[in-house]
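Trainee: Residues per chain are reported as follows:
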Amino acid sequence: GAGVSQSPSNKVTEKGKDVELRCDPISGHTALYWYRQSLGQGLEFLIYFQGNSAPDKSGLPSDRFSAERTGGSVSTLTIQRTQQEDSAVYLCASSLAADFSYEQYFGPGTRLTVT
Amino acid sequence: DAKTTQPNSMESNEEEPVHLPCNHSTISGTDYIHWYRQLPSQGPEYVIHGLTSNVNNRMASLAIAEDRKSSTLILHRATLRDAAVYYCILNGGSQGNLIFGKGTKLSVKP
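Same order as they appear, the protein sequences are chains A and B. Under the numbering used here, the first residue of the first sequence is numbered 1, with each subsequent residue one higher. Under the numbering used here, the first residue of the second sequence is numbered 1001, with each subsequent residue one higher.
Isolated chain A, as found in the complex (with noise of 0.2 Å):
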């Protein structure tokens, strides 16, 4: 079946300006991860969603950070007045249930270079 997508794959951008990355998840899981990893560093989680809903955004690393998530399916990542720091690939994951019984499935991941 559909794995993970996500859009773009590349996002060249100029600093200042607004990015919207997005995430399809795998039909059916409730559950909706977005991490992001900077060149030659971990992996770094950002915020979750079960439904449609983020119980806690503390883990964005700042507020030029939001998500949302529609219909119990596809999110948005979206980041204001990007800065050089921000460039990293964004990597969105899904489970069936935010339950660690059970496995993630990632994405490909979003490559955002800010200039």
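Hints should not be assumed to be uniformly reliable.
Computed spacing ranges between beta-carbons, pair by pair [as the list claims (entries may be wrong)]: (1) B:ALA1065 with A:THR115: 29 to 37 Å; (2) B:THR1052 with A:ARG64: 28 to 36 Å; (3) A:GLN80 with B:SER1025: 23 to 31 Å; (4) A:GLN80 with B:PRO1110: 25 to 33 Å.
A partial selection of chain B residues facing chain A, derived with a Cβ cut-off under 7 Å [stated by the list, open to error]: (5) SER1025; (6) GLY1029; (7) TYR1032; (8) GLY1043; (9) PRO1044; (10) TYR1046; (11) ASN1091; (12) PHE1100.
Calculated directly from the structure, the hints in this document are not laboratory data. The model shown is predicted, which means the values in this text are computed figures rather than measured ones. Idealized CB from N, CA, C, for every residue including glycine.
Go by the hints and put chain B onto chain A.
Mentor: Same frame as chain A, but now just chain B:
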């Protein structure tokens, strides 16, 4: 969060078995042991997970020590495609998120 310790890197020859170790001496009774891998320029990929008993799937086997303080991911016949960073993860954060460490970089020689 319970921590894991993995070697930074390992080498294997193609078509030979690979045993990737993970120490997790502070594991709690409810912690699942997860393994993910990340191939170059790709997102992480689920490999296997278990709680107490050894687990097998089409990709690998997971051997869990009786005291659960360590585990070993076993790739039965390494291929060039198995060259990746392998992450051993114990549950994760309070929001169900995975907490990735540095993992073990596996190189496979032809």
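Trainee: Each hint should be assessed against the structure and marked as holding or not.
Mentor: Against the structure, the hints come out as follows:
Between ALA1065 (chain B) and THR115 (chain A) the Cβ separation comes to about 49 Å, which falls outside the hinted range of 29 to 37 Å. In this structure, THR1052 (chain B) and ARG64 (chain A) break the distance hint of 28 to 36 Å, their C-beta atoms being roughly 44 Å apart. The hinted range of 23 to 31 Å is not satisfied by GLN80 (chain A) and SER1025 (chain B), whose Cβ atoms lie roughly 43 Å apart. Between GLN80 (chain A) and PRO1110 (chain B) the Cβ separation comes to about 48 Å, which falls outside the hinted range of 25 to 33 Å.
Given hint, SER1025 (chain B) at the interface with chain A, is violated; its Cβ is 19 Å from that chain's nearest Cβ, farther than 7 Å. Of the supplied interface hints, the one on GLY1029 (chain B) is violated, with its beta-carbon coming no nearer than about 13 Å to a beta-carbon of chain A, more than 7 Å. Annotation: interface hint on TYR1032 (chain B) holds; nearest CB of chain A at approximately 5 Å, less than 7 Å. Interface hint at GLY1043 (chain B): satisfied, since its Cβ lies 4 Å from the closest Cβ of chain A, which is below the 7 Å cut-off.
The interface hint given for PRO1044 (chain B) holds, since its Cβ lies 5 Å from the closest Cβ of chain A, which is under the 7 Å cut-off. For TYR1046 (chain B), the suggested interface contact is upheld, since its CB lies about 4 Å from the closest CB of chain A, less than 7 Å. For the restraint placing ASN1091 (chain B) at the interface with chain A, the shortest Cβ-Cβ distance is roughly 5 Å, inside the 7 Å limit, so the hint holds. The interface hint given for PHE1100 (chain B) is met, as the beta carbon of that residue sits about 4 Å from the closest beta carbon of chain A, less than 7 Å.
Of the numbered hints given earlier, the model fails hints 1, 2, 3, 4, 5 and 6; all others are met.
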